[in-house]
Each structure stands twice: as C-alpha cells, then as structure tokens.
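Asks: Protein sequences appear in the order of chains V and L.
Positions 2 to 385 (my numbering) are the ones given, in order, by the first sequence.
Positions 2 to 385 (my numbering) are the ones given, in order, by the second sequence.
Derived from the structure by calculation, the hints contain no laboratory data.
Hints are not guaranteed to be accurate.
No copy labels: a pair is met if it fits in one copy or bridges any two.
Below, in silico cross-link-like pairs of lysine-lysine (DSSO-like), each with a Cα-Cα straight-line distance of 30 Å or less [unchecked claim]: (1) K17 / K301; (2) K360 / K17; (3) K158 / K340; (4) K158 / K126.
Here the structure is a predicted model, which means the values were calculated and not measured.
Protein chains: 2
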Amino acid sequence: MENFAFYNPVKILFGKGQIANIAAEIPVDAKILVTYGGGSIKTNGVYEQVKAALTGRTFLEFGGIEANPHLETLLKAVELIRAEGINFLLAVGGGSVVDGTKFIAAAVPFDGDPWDILAKHAPIKAAIPFGAVLTLPATGSEMNTSSVVTKWETQEKLFFSSPLVFPKFSVLDPETTFSLPPRQVSNGIVDAFTHVMEQYLTYPVNAPLQDRMAESILQTLIEEGPKTLVDLRDYESRANVMWCATMALNGLIGVGVPQDWATHMIGHELTALHGLDHAQTLAIVLPNMLSIKRDRKREKLLQYAERVWGLVDGDEDARIDQAIQKTRDFFESVGVRTKLSDYGVGLDVIPLITDRFEKRGFVALGEHQDVTPKVVEQILALCA
Amino acid sequence: MENFAFYNPVKILFGKGQIANIAAEIPVDAKILVTYGGGSIKTNGVYEQVKAALTGRTFLEFGGIEANPHLETLLKAVELIRAEGINFLLAVGGGSVVDGTKFIAAAVPFDGDPWDILAKHAPIKAAIPFGAVLTLPATGSEMNTSSVVTKWETQEKLFFSSPLVFPKFSVLDPETTFSLPPRQVSNGIVDAFTHVMEQYLTYPVNAPLQDRMAESILQTLIEEGPKTLVDLRDYESRANVMWCATMALNGLIGVGVPQDWATHMIGHELTALHGLDHAQTLAIVLPNMLSIKRDRKREKLLQYAERVWGLVDGDEDARIDQAIQKTRDFFESVGVRTKLSDYGVGLDVIPLITDRFEKRGFVALGEHQDVTPKVVEQILALCA
C-alpha cells in the first residue's frame, strides 16, 4: 500500500425525510442562496420540503444550472451573491448543480478571472460554505472536493478540486430520486461504476481492503442497479444505489492505490464536443480502455473477472475478454449504449480530441502516464 | 437500510515516515502535552520521531497511561494541564492512550466530577483538541468518538462518546508496530474482527454495501492477520491490518444497520473483574454469543458462513456450527485463547457480572435488546 492522507468532513444525512433536518446544519444568521437546475425540484416536491425546512430563514434562489454546468451561467450567480451579500449556499439537485455550486462558492471570493480556477488551476484561498440536497445519485460530488465546469463559448470541460469546497453537509434522501427520468437513473449507475473502476482497475499494490471495498461497490451496483429501473419507486434499491454512488467517489476506496482517470478525461472531450451525457461517454470509452491497456492492467483484470463476474474457467485472455464484454453488457442492460455510432458520432471526432490534449499539454494519461494521444486514438477507434 | 447520519472529520496520515508531518497539523502557538503509556515509545524510536517533528514547539510529557486506562491516572493529567495551561494534546500509543487522552480532553474543561462523564453520561460541552500517533492497530479509537476508562478503585470499566473528542488527526505508521509484543498484535486482530462482527452479525436490513464492506474487513483480517505474526517486520501485512482496524470502527460499516455490542459489554466486565486483556474477553464471549443467539442471528450467520468462510455445503445448522467453530479457531490460530479456564477464571464470575448489569440498570443488551442477565448467564456458562 502506498502512503496516503485521507480527510473527509462532509456530514451525511441519509434517508427519507432528512431534508427536514437541514436548518440545524445552517448558521441561524446565514443569508442563503438556494441553487438548482432545470426546475424539476419545483414539480417533484423537493422544493417544497426545502422551503418548509428553511421556514423563518432568509433565502434567495438561483435556478437554471444546466447539465455539465456552464461557466457563463455560474458567473451570473457569482454576481448575484456579491450584490446581495449571500453567505451560505444550498445546492438542490444532481451532480451538476453540486459541481456548479462548488465553483460558485470558490469564485465569489476569488481575486481575478474565475475561469483561471479551472484553466490555470489557480489556487483558491477561500470559499463560501454550502450544503447539498442531492436528488440524483451518480457523481459523488456530494461528498468530495471536485467540480467539473464547461465553458460554453469554447466547448471546454475542465475540473478543479480544493478541500475548501467540501459540502458542509449533504442530504441523501432516496425518495427524491423517484421522479427522475430513467435515463438519468441509468446514467447514475454507469457513472458510479466507472468511478470505482478508475480507482480499482490499475495494478496491484497489495491493498486488499481497498480492492475488496471497490469490488463491494461494483457487486452492489450490478445487483441493485437494475432493480431501480424495474420498479421506479423501490426505496430500498434506490437507497443502496445512492449510497454506492457516494462511496464510489468520496476518497475512501482510492486511498493508498494508483488511480487511472483516463476514461474520464477522454469522456469529458466527447461531452464538450458532442453534448453526450457524461455517463454515455464513460460507457463508450471504459470497455475499450480496458481492451487497449489489457497488458498493463492484466492482474487486476483477472481479479475483476473472478471476483466481480465469477469468471474462473478458461484461459486468462478469454477471462479478460469476457470480463470486458460483461462490463459492456452491464452498461447496455441498464440502458446506456456503448458505441459512438449509437449517438451519431463519427470517427472524425478522434483528431479533434487528440489535438485538444496536445494543445492543453497533456503528454499522457492513466496510472502509468502512458495513454498518449496515439493511444487515445487507438481506444477511440475501437469505440466506433 | 435504516436512516442515518454520518460524520467523521478525522484526518488520517497513513504510512512510513508520516510522524514527520504532524507539526503542520498542530497550531503553531499550541502548548502541547504528549501523553503516552508504559514507555515503549522511548525505546522503539517513536518518541524520537515525535520529538524531532515537534522541534521548536513547546511540549510537556505525561507518561504512564496503562492498558484499560485508569481514571485515577488520567485525573493527574487533568491537574497538570490545568496548572500548565496546556491547549493541545498529542496521544502517542495504542488504543488505551488514545482513549485516555479523549477522557482527559473532555475532563479538563468539565464543570463537576469528571467521573460523571462516564458514570452518568453527563453531557460535555467542550474538549481540548488533540491528535494521535497510533502504535497499536486494534481499537479504532484513532478515528472515532468513543473512549473506555476504568475506575480502579471500584473496578468499573465504562465508556463515553462525543463528537467533541474526534482526534484532529491520526498518524498510522505501520513501522511503529514492528516492536510490539506478539500478544498485542494478536489482540489487535481479534479486537478489530470483533468490532466488525458487532456491527455485521445481527439481522438483515437490505444494506448490501455495508454487509460487503464488513465482510471485506473480516476477509482481509483472516488473510493478512496471520502474516503479521510470522514475519514481525512485514510492512505490507502490518499496513493492511492497521487500515482494517481503523475501518472496523470509524462508523462507516455501521451506518444504517442494527448493531449488537453485547459481547463488548460482557467482555468489559471480565476485564474489570479479572484483568483479562480486552481482546481475550472478546475471543471468549463472541463465539458463545453467536451460539446462544443463533436463532435471531440465523440469516446473517448463514451469510457469514458462506461469504467469509466459504461454507455452502451441508444443512443450515451444520454451516452455522462450522462458522462459529471457524471463528473460534481463527482467534486461537492468531494466539488468543477462547475459554475462561485458559485464563484461570471460574464460573463463579457469572453472578458477579449479572449482578453488576442489574445494579447498573441494564435490562438487556444486543440488537434486539433481549440479552437479559439470564441470557448473559447462559452465554458465560458456555465460556467455561
């Protein structure tokens, strides 16, 4: 196991009815801005619960944070907050609203052009405190320090991370997810699954507990994920998937082990250029990433094949092939297609993406820093 | 899954050499008291590392905190701290030193008789901040809010818990454990194993991720624990057991599930009355607790038999018997004996313990609150 530091002070309030408890987590004299997305919270009862919980508190609203939140939108919230003297944010929505709110929180006290937080990884020295009411299990943003923001003008999707943007608390009420469109539920399962794979499917460093915890999340997503799509109001399976998604990216399974993240980096470009859902890009790229990197990921692929998919017969390469196919089949089975052509994207996207990596100075990605633009090309060619 | 709140802000610094990084975690103007136990840290190099890390800082020392830390000893530290204006504590040692330091931290600003914190669960409103350098993986105290203290005068072993006594940070350097006597290494394995069982071996509530994470720790302890006793300087196995012990009791595997803790409550009495090591009492009581409560724990015992011990053949009762026997055998295999007679304790201890429970008003223990003094008697009778 490698040396590590772990710190995660996010308070989780999990279960039905927990929105009612948020007032106790927000300073009594706070001037609050409730941030949200396309407005579904106003039709599914979540907004009413938040409003009831904040009875007697001062709060304004900022809606319209889109999927893959846009810098241009978020900067409007920054202006509003500065003008109104807001000092606490409450993100109500999915990962995009939480990610967007993290950026807003960091941008308000930032001295300079906030885009630099993303484009130049400019250090941030302060952030407005915020909490979250999560309505879509997927990204893990509710219990981590990362945020991904898209500059619409230039179609660039970039991330930043800082311990200053840990949520103070996050409410995870599975009932708030009942009204989600099935596409978003499907996406969430694939997103969480891939988050685990980015931290697990690398090479062994003798960290058996981290391995088993990662496998625990994968197994539970395989078992519980499909149930959430059969009965859309099954509280138990929603709860289990929601907790899996949070645990998939709160730092814990990644302590002391190498991490990959090349699938995400490539996927972000597909979203930026073609507007694909984040999870769709992961479902396309991950299986082919595993195929192309099968030699350097060999030991972990065999472990994954055996422990997650029960594949113990046949020669090693056959087991690896099957494990990769089962991964692809799982994504398809929960409703996320796995080919570029399924989304009308042609192979002409490949030079655009490799050009972008080269321009941004990414020499190579992955746990060995060996996923060069040439390798990205090979991977994307398989995604056709 | 049941509703839950989870919050754990302890910063973990894991791995060799991490003691060197503690100064950055302690306020520069802090007046520090280093607390420790019997003095082994002065011969195994840990004290020197701490002293080097605190170069330029003001610190005093308080040694002599014993296993099952005594109220009488801890109150001397409280006096010293009040007299010297100490405002930060650094616990260097095993679970007893960390537990004792938690009590000291809470007792210093406590208004009234500090024993009430334990005996009457008197609410605490403040505590001195502290960090820990853990030298014995076992109790999990380095990443939780609990503390167990013994009043020597009356042989009472009681606990308290408060979010105010989370360590600010804990250093887990597996190398600090190389010089431990094998008995303490053995005890640590049994202690961590039993902590998991208290949160896992109850009844199912459809919490598959928590179940699998608990099983992950058990499997890793079974696999890695014995290695630590074969090669006493095997860094990797020490690291894996150390991380297991912390994860076993930092709150995570226990979220949203019922918990038992009856084995611990009975074990504490055996320590208080006969001075047995904490882990020895758990090794004696747990297998017999599982035997006596086999009907109400039936589903989880079968799951434990299959997933942890690979027992799938034979009728259900035979599998349960085997799983319990394998648990006992595992404890014996890592060097912890499992019968009262192994420690020279007779069955005359039974009425003493049941009397104590009755006097303290414990009507019943366990996840169903059905481990009455009568049931405690049955369990202890099997421990002969």
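Asks: Among the hints numbered above, which are violated by the structure, and what are their numbers in rising order?
Replies: 2
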